[in-house]
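For the protein sequence lines, the chains are A, B and C, in the order given.
Mapping to numbering that gives the first Met the number 0: the first sequence position 25 is 24, numbers consecutive.
Mapping to numbering that gives the first Met the number 0: the second sequence position 14 is 13, numbers consecutive.
Mapping to numbering that gives the first Met the number 0: the third sequence position 191 is 190, numbers consecutive.
Everything labelled a hint here was simulated from the structure, so no lab data went into it.
One should not assume that every hint holds.
Claimed, not checked - Heads up, simulated SDA-like pairs for lysine to any residue below, C-alpha to C-alpha not over 25 Å straight-line:
1. B:Lys82 to A:His102
2. B:Lys9 to B:Asn91
3. B:Lys78 to A:Tyr82
4. A:Lys54 to B:Ser46
5. C:Lys64 to B:Ser98
6. A:Lys92 to B:Lys9
7. B:Lys9 to A:Ala106
8. B:Lys9 to C:Asp46
9. A:Lys84 to B:Arg50
10. B:Lys78 to A:Lys123
11. B:Lys82 to C:Lys64
12. B:Lys82 to C:Ser48
13. A:Lys92 to A:Gly51
14. B:Lys82 to B:Arg12
15. A:Lys123 to A:Gln95
16. A:Lys54 to B:Ser72
17. A:Lys54 to B:Asp14
18. A:Lys92 to B:Gly29
19. A:Lys84 to A:Asp120
20. A:Lys84 to B:Ser46
Stated by the list, open to error - Part of the chain B face toward chain C, derived, beta carbon under 10 Å:
21. Met0
22. Ala2
23. Ile4
24. Val15
25. Ile25
26. Thr48
27. Arg50
28. Asn68
29. Tyr70
The C-beta atom is built at its ideal place from N, Cα and C for all residues, glycine as well.
Chain by chain, the residues run as shown.
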Amino acid sequence: MPTTRRRFLSLAGGVTVAGTIPVVTLRPLEATPAMLTTAIRNVVGEAQLRTGRVKLDIPPLVENGNTVPMTVSVASPMTADDYVKSIHVFNEKNPQPNIGNFHLGPASGRAQVSTRIRLADSQKVVAIARLSDDTFWQVAADVVVTLAACTEEMN
Amino acid sequence: MAALINVPAKARRGDVIEIRALTSHIMETGFRHTVDGVLVPRDIITSFTCRYNGAEVFRAELFPAIAANPYLSFFTVAKESGKFEFEWIGDNGYSSTASASITVE
Amino acid sequence: MRLWRAIAAATLFAAAPALLAGEIPPDARRSGYSFMGPETRAMQDDDTSNPGMLFVLDGEALWTKKTGGAEKACADCHGDARGSMKGVAARYPAFDNALGRPVTLDQRINLCRANHQQATPLPYESRDLLALSAFVAHQSRGVAITAGDDPRLQPFVAQGRDLFMQREGQLNLACTNCHDDNFDRRLAGAPITQGQPTGYPLYRLEWQTLGSVERRLRSCMTGVRAQAYDYGSPELVALELYLMSRARGLPLETPAVRP
Chain A
0 MPTTRRRFLS
10 LAGGVTVAGT
20 IPVVTLRPLE
30 ATPAMLTTAI
40 RNVVGEAQLR
50 TGRVKLDIPP
60 LVENGNTVPM
70 TVSVASPMTA
80 DDYVKSIHVF
90 NEKNPQPNIG
100 NFHLGPASGR
110 AQVSTRIRLA
120 DSQKVVAIAR
130 LSDDTFWQVA
140 ADVVVTLAAC
150 TEEMN
Chain B
0 MAALINVPAK
10 ARRGDVIEIR
20 ALTSHIMETG
30 FRHTVDGVLV
40 PRDIITSFTC
50 RYNGAEVFRA
60 ELFPAIAANP
70 YLSFFTVAKE
80 SGKFEFEWIG
90 DNGYSSTASA
100 SITVE
Chain C
0 MRLWRAIAAA
10 TLFAAAPALL
20 AGEIPPDARR
30 SGYSFMGPET
40 RAMQDDDTSN
50 PGMLFVLDGE
60 ALWTKKTGGA
70 EKACADCHGD
80 ARGSMKGVAA
90 RYPAFDNALG
100 RPVTLDQRIN
110 LCRANHQQAT
120 PLPYESRDLL
130 ALSAFVAHQS
140 RGVAITAGDD
150 PRLQPFVAQG
160 RDLFMQREGQ
170 LNLACTNCHD
180 DNFDRRLAGA
190 PITQGQPTGY
200 PLYRLEWQTL
210 GSVERRLRSC
220 MTGVRAQAYD
230 YGSPELVALE
240 LYLMSRARGL
250 PLETPAVRP
């Protein structure tokens, strides 16, 4: 790998963020296992969901559920006729079961995506990969979210 | 408001390169309430696209469970010298772009 | 949840052996970084994935932007911040001759705006003030903290120390009870740190944004159920000064990332 360089780019436009700190509170509201199943079925349809080939890298014990680093990788040669089409990540107990859908192709070279997610509580995270032969593969991980002491939240 | 893009300046043809994109955005979930019980409306980035010399090489649909100041890392094969273009689209007409160039030898 | 946390905190301190409040010796001083998990450390270590750098970039743009009635930019007086601002944040809060008291970096930026740019002050915790402050402090990354060395600051350091040792709030806890006597233990699952302010303004995962040491102090005060001092109050400035002098010798990390 060549040495990477940093690029600092200022973007024109964009949204303005108020300088004040909003005092907000979360109401108890969470997705149900049924919602998770439905969200997964919306992606997978009636296809068989197999276990394996997908790796989900997420800390088992996170320091703050507001920003949880996560990496999904799929064992695939990423050639023109054998590649990962998409990666879908879901959660069990946030207000909404979807986290993100990531679309790849043979040009990706490596089937790996990293991002940072929010987890409202200790729960299961599921990653599903759709391959070029339209088979679906999944992996699940349990994450324990510790609550910070002395937070600003008002609930 | 800034974005941080990390693309290698140079690569050999056929190298698999990592691209990272970090941008400023509040990613307000739409599930929070003020102390007065008023719902704070959703304000998130819903879509991110990376094009390499015009061709889409990566696209993401984002939901409220993506953390504030969204960070994405993904890979692509260095095929030819040229330009990567990045586009973030979101609620309330949000749109921002960035670009980075690469030399492939 | 609040009640449960209060009980957890009370239990912890009831069970803890009676330790005398005492300062941490210099060679035992540790940044909050050393209390974090590997994922959060990785986020701070890499500038291309440290979300605090987004604010540093915004601050860099503001540094050269003309503003106020004087139509002057920070750079018009201070030039290239990489040289002129190196080491500055490691000395703040610093004594201000005209005011006869210490001022924080945020207050110095607003004094500059008022006196030299004829511009309105930036509100505490506003994006622009945090961005400028982060950009200035970032120039001192790796520089050892020396704040409080100025002998004129001595009474203010002492005031800050008194506040640090003073029990307050419904939980009747002083800063020292957690951050001198019980660091390395846990409170409701979170590690208790030494409270060394080495990376401010910093990106807190809980806040999902950058924030000042004053915001952190105020949330600690809310945590012990005390009335938090106002932003910019002499008490918060004295506390910040004492904390910085207590962190003497530790390198600045701005923008740090913390849970």
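Hint by hint, here is what the structure shows:
no., hint, verdict
1, B:Lys82 to A:His102, "20 Å, holds"
2, B:Lys9 to B:Asn91, "37 Å, violated"
3, B:Lys78 to A:Tyr82, "17 Å, holds"
4, A:Lys54 to B:Ser46, "24 Å, holds"
5, C:Lys64 to B:Ser98, "23 Å, holds"
6, A:Lys92 to B:Lys9, "43 Å, violated"
7, B:Lys9 to A:Ala106, "18 Å, holds"
8, B:Lys9 to C:Asp46, "19 Å, holds"
9, A:Lys84 to B:Arg50, "16 Å, holds"
10, B:Lys78 to A:Lys123, "38 Å, violated"
11, B:Lys82 to C:Lys64, "29 Å, violated"
12, B:Lys82 to C:Ser48, "21 Å, holds"
13, A:Lys92 to A:Gly51, "23 Å, holds"
14, B:Lys82 to B:Arg12, "15 Å, holds"
15, A:Lys123 to A:Gln95, "13 Å, holds"
16, A:Lys54 to B:Ser72, "16 Å, holds"
17, A:Lys54 to B:Asp14, "23 Å, holds"
18, A:Lys92 to B:Gly29, "16 Å, holds"
19, A:Lys84 to A:Asp120, "30 Å, violated"
20, A:Lys84 to B:Ser46, "17 Å, holds"
21, Met0, "7 Å, holds"
22, Ala2, "8 Å, holds"
23, Ile4, "8 Å, holds"
24, Val15, "18 Å, violated"
25, Ile25, "8 Å, holds"
26, Thr48, "20 Å, violated"
27, Arg50, "20 Å, violated"
28, Asn68, "4 Å, holds"
29, Tyr70, "6 Å, holds"
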